[in-house]
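Quick note, the sequences are listed as chains A and B, same order. Each residue of the first sequence is one higher than the last, beginning at 1 in our numbering. Each residue of the second sequence is one higher than the last, beginning at 417 in our numbering.
Read the hints as simulated data drawn from the structure, not as lab findings. Quantities reported herein were computed from a predicted structural model and do not represent experimental measurements. Check the hints yourself; a few may be wrong.
Label-pair ranges, simulated between beta-carbon atoms [claimed, not checked]:
#1 A:123 x B:588: 53 to 63 angstroms
#2 A:60 x B:610: 57 to 67 angstroms
#3 B:662 x A:17: 19 to 29 angstroms
#4 A:243 x B:563: 57 to 67 angstroms
#5 B:588 x A:129: 49 to 59 angstroms
With a straight-line cut-off of 27 angstroms between C-alpha atoms, the simulated BS3-like cross-links for lysine-lysine are [stated by the list, open to error]:
#6 A:48 x A:8
#7 A:52 x B:666
#8 A:48 x B:666
#9 A:48 x A:185
Using N, Cα and C, we set each Cβ at its ideal position, and we do this for glycine too.
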Amino acid sequence: MTAILNVKDIHFAYDSRPVLEGISFELEPGAMVGLIGPNGSGKSTLIKLLSKVLRPTDGEVRFRGQDIDGMAPTELARRVAVVPQHPTVAFSFSGLETVTAGRYPHIGRFGFETQRDLEIARHAMALTDTIHLCDRRIEEMSGGEKQRVFLARAIAQEPELLLLDEPTTHLDINHQIEIMDLIRKLHSDRNLTVLSVTHDLNLAAEYFDTLLLLSDGALAMEGSPSQVIAEEVIRRVYGANVVAGKNPKTGAPQLVLVPRVPPAAAQRKGVKVHVICGGGTASDLLRRLVIEGYTVSAGVLNEGDSDHVLAAALATEIVDIPPFSPVSDSAHARNVELARAADFVIVSPVPVGEGNLKNLEAALEASSGGVRIIMPSSFENQDFCSGKATAILRRLVDNGAELVSDLNRILEILQD
Amino acid sequence: MKNRSPKRVKRIASSMALLLLFWAVIVVLSGSIGPAKISFGEYVSTLCSRLPWTARADGSPAAHDAIIFGIRLPRILMASLVGAALAVAGAVFQGLLRNPLAEPYILGVSSGAAVGATVAMAVGLAAVFVPLVAFVGALLAMVAAYQLARLGRTVPVHTLILAGVVVNAFLSAIMMFIVSRAGDQLHGIMFWLMGKLEPSAGTGAVARFAVPLVGVGFVLILLHCHDLNILAFGEESAAQLGMRVETVKKILFVSASLITGVVVAMSGMIGFVGLIVPHSVRLVIGADHRSLIPTAAIAGASFLVIADTLARVASVPVGVVTALIGCPFFAYLLRTRRRVMNV
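The shape of chain B in the complex, shown without the other chains (with noise of 0.2 angstroms):
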């Protein structure tokens, strides 16, 4: 909640837009690192190129362009897309759970892009039909974990938290035993459960309905961050001050889980970004959603980035680094500052 004394807006203002730039550093630095041999100078002069106003000299080498236009960026557009999906998920799930270990797969939803994924792998459908069945598996997962704690017309939040454990592990255990007689698409499954942002082939018709549904529930969250303000003073209380829990509930359990089981069906299951990014967000400029929500998609973005970035040049999974580095800067965080939350 702004204190509306000019010198914190204008604080929040200003850490807002240096976090913007900070991740369009990232991605105009990361799009120069890849496997290709491409001085910086020469990267440069390829997005140079793009630009309107700049002439083209003697037009750098079409193969440049592809692979900086067509392979990195691209990829790079993704990591940020599902770094912001999965911290802003996160974010909202901490709140509505009023949990600190709730994260986007908190309540079965990446499980169920896992087991769809998995399914589609070990039965052979072409790789564009991966993530649509993926997401599939998402949904469904979703509504068994929201039904399953469901009371009349309310959801109690520690049932909705025990009915994803539930749901996760039905669904990781069917997982495990289609892995254990996958056989030949081993290799293929356990790469994309650790996560991958590369793009194949049915990512780009993917991205053109991930794009918009994310969009929608970035924009549902961002309209209901002030009841998620409220709703820490816990539930009760929040209908005492004139809030429709259950519909708010509804809204962002639903639209949190939409954005995850969006980027799962794109890109796997990408870990600690969803737990990690919030949690330090919050350590840094405090819970109040308003600022924590927008805050924690760029800071999500960014650390997606940087992980993909080492991911590829070190040719690991990039769920390996984000773990890696994730972990011990939480860590510090931890040490170096305040109580995570209040339960």
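Looking at chain A on its own, in the form it has when it is part of the complex (with noise of 0.2 angstroms):
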């Protein structure tokens, strides 16, 4: 059985960026394709490379084994239709009209329809459902209308492949279905070949025989739905977080999306981390100790001082004492209770002075306890008192803290 397309090792590059890197596939008559991939894949660009309103750069197309670069435009658009992601129409056409326009590539030079072009039309129209726009004006009709109107026109084409880019994307949910369900249906009556460009992955393992995953411009693979929507797939190739499911009713392959922050936030509330900082030296690790969902709290800290206004938004608690002045025994004592308290104690690279001293002593109080202390490497710059700081936080490192230049590895070494 000849192949219906054949699409041999196809490049293309706009200007001098290429697009489009050797691909090559094989539609059999009566296929029901998809093709899908990230933004930026080229799937658009693959629809105008069949439909010759683009050149490939090298390789070629033929359909049923007639190179299409040689085929006349008419010729062609007799037999592949295209149905268009946004149908914009410059003119105010009715619904009628617009489906009449696809028999275009049937019509002679004078560009008058005949009674049997009419009837294929309105056909075209029954067939879709919209046969009540026939005199609707255009820019009148919904977006669901819109699509399906132009589905007709390419069904009035009387193509025997149809190329639909993006059918769905505008429309809203029941929509997508009926534009997908009717595309179905239209593929099995009339015996068309259908290769649909789709966003959605969930419609296109729903809806296809076979899907063909563009990747950067290659063809990355070709499969049935339950081959290609498949979990490491989808996240080797989008770089998406997903879980794979079946359609409870179809048993078709189903993605789930799971966002970013992970469910095992609700575990880590149990996790105490209390941050020793000052000075704004812990502004972005206490918002994200917050967002990852850490149960954090922080001390001694000055009111008006930066990292205590910030904590103060995120609600965390701290041990505070007014502006200006050293750190109080009361105040230390609370801060040595949390210190000791935590799971992990975390020193910003906060300066410390005479001051706050104490709270690296807290600090080591916690660590003889057995808490971890996570403090930046570079802790020889932050002693201001003559060497008393720099002392304490050698006594951490001896204890096993744990040296860190950057917020990733104090999240990684939290997540352990």
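Fit chain to chain and form the complex, with the hints in mind.
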């Protein structure tokens, strides 16, 4: 059985920017194939190459064995019809006028439709349930109606191959299902070969026998929906976090999105992190810890200190003292309490002077109690009290404190 | 696209016949108006004297005959030709460029003609040659705009509009420069720029070429009316429906520029006809170019004949009249009808 469409190693580039590199595939007559892939993978470009809007820079496309490059545009248009992504009309045409335009490749030079052409157009409108839109102006139609009218136009061309460029992207979910059901019905009733670009992976899995997955201008995979709509495949090609399931009614593979904030955030609540900071040195850290779901406390901070302001806004527990005053005994005691109760104590690159030296002592006490300490690898730059801070920080290191230089590393440590 | 319901076809055929009749009536009536004192009765008998089956009574004065058949009717027929050409060219450019502001002068053809005419007059060429030089100027401007916009084998429509703006602006500046230096010839130049339909020394000779050229342009355009409809879906869709888009664009562009260049070379820049007549017709009968273009031709012819008659009576340039009566009428249509274009 000769393939209806034979795409051999086509390449295409816009000026110097390559878009498609070495695409090859075959469409058997009567196949219903979906073309999927991330934005910029070249799907729309491929449709244009198959309908002779663009010429490949290399390779060839054959329709029933004949090179389309040598075919007259009307000849190809009698065999291949395209339903565009954004149906637009510059003038106010009626539904029937729009659908009748599909007879263009069949009409002679003088451009008048015969009675038969009009019948074919009306029949196409009946098939797409748009017959009631014959006299409606195109600009007065809804998105779904317009899409069905343009589908009728393609049907009126009486093609063997139907190309669709994202027929459902701008439609409501009810219209999406409606259009796909209609396409599938037309495909089986009229024995059309269908190649449709789609953005919606679940619709793709549901309606197509074969899927072509494009990635970065190359064909990453060709196979059945269960082969292509698979977790590892989609994760790799799209870089999206998905989980595969099955449609409970039809058994088709379905993908479920997984947002980036992991469900483990709930578990993290139990993990307590105490932050010793000040002077704005822990602003990113505090924010990320709270977003990631940890139970965060901070101390001892002077009121008015920028880390204090942020911590208060993030509603973490704070041990605080009046502005410009040194750490009081009661504050220190509370600080130690929190530090020892925590799972992790993080020391930020806060400059340490006589006034807040006690905060490091709190860290040390927590360290002796087995609490894991994380501190900056550049800790020697923090000392502003003649080496006393450095001494304590060194002892923390001896006790097994982990030295880090960036935030992501901190988060990794916390996840262990 | 004609819904072949017999009612619709009949309606279109009858409205076109009506319009043609309207134009004929306008022509006949306008012939009776003019500075020479010829009563309506005398006018009618002069007209009838030319009919083969009417015997010449006691012969109308030769003077009347000369005025009516030598001056008025030729001028009226020229007005018809110019009006039809401008309206058709305007409709074609609007469809080709898919832009409601498009009109025959948008691509610089008229400025080219104007520069040609201005140069010819400033240099003091015999009046016979002025239209010729104007036409050459029009052609050069057309080629310049086209080449400026061309990208390999394609001519993107948006670029073409901008190229036209550039060509227009540049040529207008040159024209202004020449006018500022012209001195004595200034008066003549200004009248040419505002449009004049009086036959002058060269008109007869030019008309011999003009009429067939415009005829060829019309035929080419009529053959591509259906294509203009399809182009409304965008060039990509048109290509996917089987049109050789670049070829069609080229033919339409050249035809419309040709007929514009010819009539501007003959009668100067008469404004508003090419913009307003197509829109008005489209608002009334719809956007199917197969009926729009022929109707616009007749409507344009009638409109300009009326405008010219009024211009003669009021002794103002015809371009002034077209603006003064065209704009309020179009404003009325805009208020009472649906959208002009779906851009």
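Comparing the hints with the structure gives:
{"no.": "1", "hint": "A:123 x B:588: 53 to 63 angstroms", "verdict": "holds, 54 angstroms"}
{"no.": "2", "hint": "A:60 x B:610: 57 to 67 angstroms", "verdict": "holds, 59 angstroms"}
{"no.": "3", "hint": "B:662 x A:17: 19 to 29 angstroms", "verdict": "holds, 23 angstroms"}
{"no.": "4", "hint": "A:243 x B:563: 57 to 67 angstroms", "verdict": "holds, 58 angstroms"}
{"no.": "5", "hint": "B:588 x A:129: 49 to 59 angstroms", "verdict": "holds, 54 angstroms"}
{"no.": "6", "hint": "A:48 x A:8", "verdict": "holds, 15 angstroms"}
{"no.": "7", "hint": "A:52 x B:666", "verdict": "holds, 19 angstroms"}
{"no.": "8", "hint": "A:48 x B:666", "verdict": "holds, 22 angstroms"}
{"no.": "9", "hint": "A:48 x A:185", "verdict": "holds, 25 angstroms"}
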